[in-house]
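Asks: Residues per chain, in single letters:
Number of protein chains: 2
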Amino acid sequence: MTSMRAVSIQSDQSLTIDRIAKPTPGSGEVLIKVEAAGLNRADLVQRAGKYPAPPGASTVLGLEVVGRVESVGADTDRFTVGDRVCALLPGGGYTEYAVADEGSILPVPDNMPAAEACCFPEAVFTVWANVFDRAGLQAGEVFLCHGGTSGIGVTAIQMARVMGAARIFATAGTDEKCALAQSLGADRAINYKTEDFVDILKQDGGADVILDMVGGDYVQRNISASRMNGRIINIAYMNGFKTEVNFGPVLMKRLSLMATTLRARAADEKRRLRDALEGAIWSSVMDGTIRPVLDSTYPLEDVETAHARMQSGEHSGKIILTVGHGD
Amino acid sequence: MTSMRAVSIQSDQSLTIDRIAKPTPGSGEVLIKVEAAGLNRADLVQRAGKYPAPPGASTVLGLEVVGRVESVGADTDRFTVGDRVCALLPGGGYTEYAVADEGSILPVPDNMPAAEACCFPEAVFTVWANVFDRAGLQAGEVFLCHGGTSGIGVTAIQMARVMGAARIFATAGTDEKCALAQSLGADRAINYKTEDFVDILKQDGGADVILDMVGGDYVQRNISASRMNGRIINIAYMNGFKTEVNFGPVLMKRLSLMATTLRARAADEKRRLRDALEGAIWSSVMDGTIRPVLDSTYPLEDVETAHARMQSGEHSGKIILTVGHGD
Numbered sequence: 001m002t003s004m005r006a007v008s009i010q011s012d013q014s015l016t017i018d019r020i021a022k023p024t025p026g027s028g029e030v031l032i033k034v035e036a037a038g039l040n041r042a043d044l045v046q047r048a049g050k051y052p053a054p055p056g057a058s059t060v061l062g063l064e065v066v067g068r069v070e071s072v073g074a075d076t077d078r079f080t081v082g083d084r085v086c087a088l089l090p091g092g093g094y095t096e097y098a099v100a101d102e103g104s105i106l107p108v109p110d111n112m113p114a115a116e117a118c119c120f121p122e123a124v125f126t127v128w129a130n131v132f133d134r135a136g137l138q139a140g141e142v143f144l145c146h147g148g149t150s151g152i153g154v155t156a157i158q159m160a161r162v163m164g165a166a167r168i169f170a171t172a173g174t175d176e177k178c179a180l181a182q183s184l185g186a187d188r189a190i191n192y193k194t195e196d197f198v199d200i201l202k203q204d205g206g207a208d209v210i211l212d213m214v215g216g217d218y219v220q221r222n223i224s225a226s227r228m229n230g231r232i233i234n235i236a237y238m239n240g241f242k243t244e245v246n247f248g249p250v251l252m253k254r255l256s257l258m259a260t261t262l263r264a265r266a267a268d269e270k271r272r273l274r275d276a277l278e279g280a281i282w283s284s285v286m287d288g289t290i291r292p293v294l295d296s297t298y299p300l301e302d303v304e305t306a307h308a309r310m311q312s313g314e315h316s317g318k319i320i321l322t323v324g325h326g327d
Numbered sequence: 001m002t003s004m005r006a007v008s009i010q011s012d013q014s015l016t017i018d019r020i021a022k023p024t025p026g027s028g029e030v031l032i033k034v035e036a037a038g039l040n041r042a043d044l045v046q047r048a049g050k051y052p053a054p055p056g057a058s059t060v061l062g063l064e065v066v067g068r069v070e071s072v073g074a075d076t077d078r079f080t081v082g083d084r085v086c087a088l089l090p091g092g093g094y095t096e097y098a099v100a101d102e103g104s105i106l107p108v109p110d111n112m113p114a115a116e117a118c119c120f121p122e123a124v125f126t127v128w129a130n131v132f133d134r135a136g137l138q139a140g141e142v143f144l145c146h147g148g149t150s151g152i153g154v155t156a157i158q159m160a161r162v163m164g165a166a167r168i169f170a171t172a173g174t175d176e177k178c179a180l181a182q183s184l185g186a187d188r189a190i191n192y193k194t195e196d197f198v199d200i201l202k203q204d205g206g207a208d209v210i211l212d213m214v215g216g217d218y219v220q221r222n223i224s225a226s227r228m229n230g231r232i233i234n235i236a237y238m239n240g241f242k243t244e245v246n247f248g249p250v251l252m253k254r255l256s257l258m259a260t261t262l263r264a265r266a267a268d269e270k271r272r273l274r275d276a277l278e279g280a281i282w283s284s285v286m287d288g289t290i291r292p293v294l295d296s297t298y299p300l301e302d303v304e305t306a307h308a309r310m311q312s313g314e315h316s317g318k319i320i321l322t323v324g325h326g327d
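Protein sequence lines, in the order shown, are assigned to chains A and B. Numbered according to the working numbering, the first sequence spans residues 1 to 327. Numbered according to the working numbering, the second sequence spans residues 1 to 327.
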């Protein structure tokens with residue numbers, strides 16, 4: 001077959017399954033026969049036309065897949081045909097075959113269900129790149145994780161625990177979600193609809209590192225919830241990019257306000273992150289110490305329903321598309 | 001003598017010379033017979049009642065001195081009586097004898113005039129702590145220094161040059177000050193009254209590290225002037241702590257907005273900075289590669305005139321008080 005099924009975005013922003021050309025791995029790339037593809041909030045933004053694929057990337061949605069190596073391009077040496085892997089992608093995951101840079105691929109055990117393994121690539125890369133690589137969370141420090149039951153949050157809580165955080169606080173919007181966050185290792189989950197995270201963190205002396213995707217008025221509240229030398233790292237600003245900031249406490253507490261995106265980074269940079277996180281944390285993912293939190297799975301054909309579930313905000317953990325091949 | 005002359009702040013904020021008790025060095029401390037004391041903008045703020053001395057520090061103004069070791073306290077081992085030194089102080093510099101923590105002291109050659117040597121302690125510690133230790137300016141990176149002819153600026157430009165910055169930009173408010181900044185090693189000085197630093201930095205691809213003390217609308221302008229992975233570090237916000245910020249480009253360019261103060265840091269932390277900067281840059285200060293930029297010197301008794309000069313903003317480089325002992 002030289003064509004394959006893939007999700008395509010129609011002009012009215014609806015999603016359909018079309019046939020497109022099966023890709024060929026270029027130099028340094030690997031072709032993966034996809035078993036599962038993860039949903040990310042960025043997919044909804046891209047679908048709405050506000051987050052175009054970076055130059056050179058597939059315009060098909062999907063930032064992560066699990067599957068088996070189908071073929072390898074030139075100048076690759078780590079993976080061979082048949083290896084079970086997961087990959088971070090700059091795009092092109094909602095399909096039967098996805099091309100990944102070799103430096104964005106990690107091994108997955110044969111016996112781990114695809115939907116479970118697919119809970120990890122984007123989340124582990126994102127948490128590593130932000131909480132550990134950029135914000136430098138150290139063993140013995142206090143970590144506050146907003147969106148504690150998002151796909152990122154459930155992984156961030158567990159990674160912080162494995163890496164030796166002294167105390168982990170997580171915010172979520174229902175008592176059920178709070179219970180989930182605590183079951184994953186949060187020492188204290190905070191229902192942001194009924195409690196003030198600033199008060200609770202201040203009682204503990206403040207957070208060393210805060211992972212935030214809310215933005216808006218959370219910018220100043222995170223500053224208030226930080227202790228001396230705290231680092232606040234944003235991976236999104238869902239409540240808005242623009243806000244008034246009082247930098248007085250930033251100066252007095254010697255804080256750092258940081259933000260990063262992952263998708264647009266160069267392949268070399270992703271390889272650097274892959275190597276670092278593989279050495280530090282990947283064995284804890286593969287041996288089940290860090291467990292997948294799977295909200296729901298949908299066949300690729302039900303992608304609209306899967307997106308609606310993410311849009312609702314009612315999910316906890318990852319929403320995964322499973323990809324059949326009829327073979 | 002068990003008393004000494006020291007500048008004291010009267011209730012009307014005027015400055016007078018009074019006699020106070022000569023201090024005794026405690027454990028880990030050294031007593032310095034002061035030859036020169038440096039002025040810093042923080043002194044004006046403290047005098048105005050808005051920047052109280054940290055707990056345990058002398059309430060006398062003055063954050064840096066040059067002189068000879070007069071006596072040493074218990075648990076010190078590096079300096080001996082008669083050594084010529086300079087020191088960073090949490091307070092107590094505008095006087096005849098100052099107590100310093102041993103970890104905040106650096107050696108000074110016998111033949112370097114006191115007023116010249118006193119251009120360095122606060123500036124070198126501050127630039128090291130911010131531009132190199134916190135913001136991590138690397139060889140080959142682009143550096144933008146605001147306040148290019150301030151006491152901090154003239155030292156920051158020269159330190160960045162010695163540490164291998166690829167290109168150094170500096171802002172200043174007159175063409176004369178711009179010429180001074182370029183004579184110290186700035187590749188391009190920008191007269192902020194007639195030129196837009198954002199445009200000029202953008203033409204170069206943006207700054208990797210920006211040292212700022214302006215704040216206010218400079219917060220967003222610094223964001224615009226940064227390149228990917230840029231770090232903006234504030235040591236003050238002279239135009240205001242509060243400003244609206246659009247964090248969109250912070251996320252897209254993966255920036256870090258940082259701020260620190262030096263004075264309130266623990267003695268151990270200052271010792272860590274002292275050791276690092278002594279290894280990396282102090283020999284370049286002592287051998288004249290990094291030259292002092294001395295605006296003016298005043299006898300301790302003319303401290304009011306010295307403060308008026310700093311308040312005017314007309315100075316370039318350091319304003320120094322010289323301390324006579326009548327012996």
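Just so you know, the hints here were simulated from the structure itself, not pulled from any lab data. The model shown is predicted, which means the values in this text are computed figures rather than measured ones. Don't take each hint at face value.
Which copy is meant is left open, so a pair is good if it fits within one copy or across any two.
With a straight-line cut-off of 30 Å between C-alpha atoms, the simulated DSS-like cross-links for lysine-lysine are [stated by the list, open to error]:
1) 33 to 193
2) 33 to 22
3) 22 to 202
4) 253 to 33
5) 193 to 22
6) 242 to 22
7) 253 to 22
8) 242 to 202
9) 202 to 33
10) 242 to 253
11) 193 to 242
12) 33 to 242
13) 50 to 22
14) 33 to 50
15) 50 to 193
Asks: Please name the hints from earlier in the document that this structure breaks, with their numbers sorted from lowest to highest.
Replies: 1, 3, 4, 5, 6, 7, 9, 12
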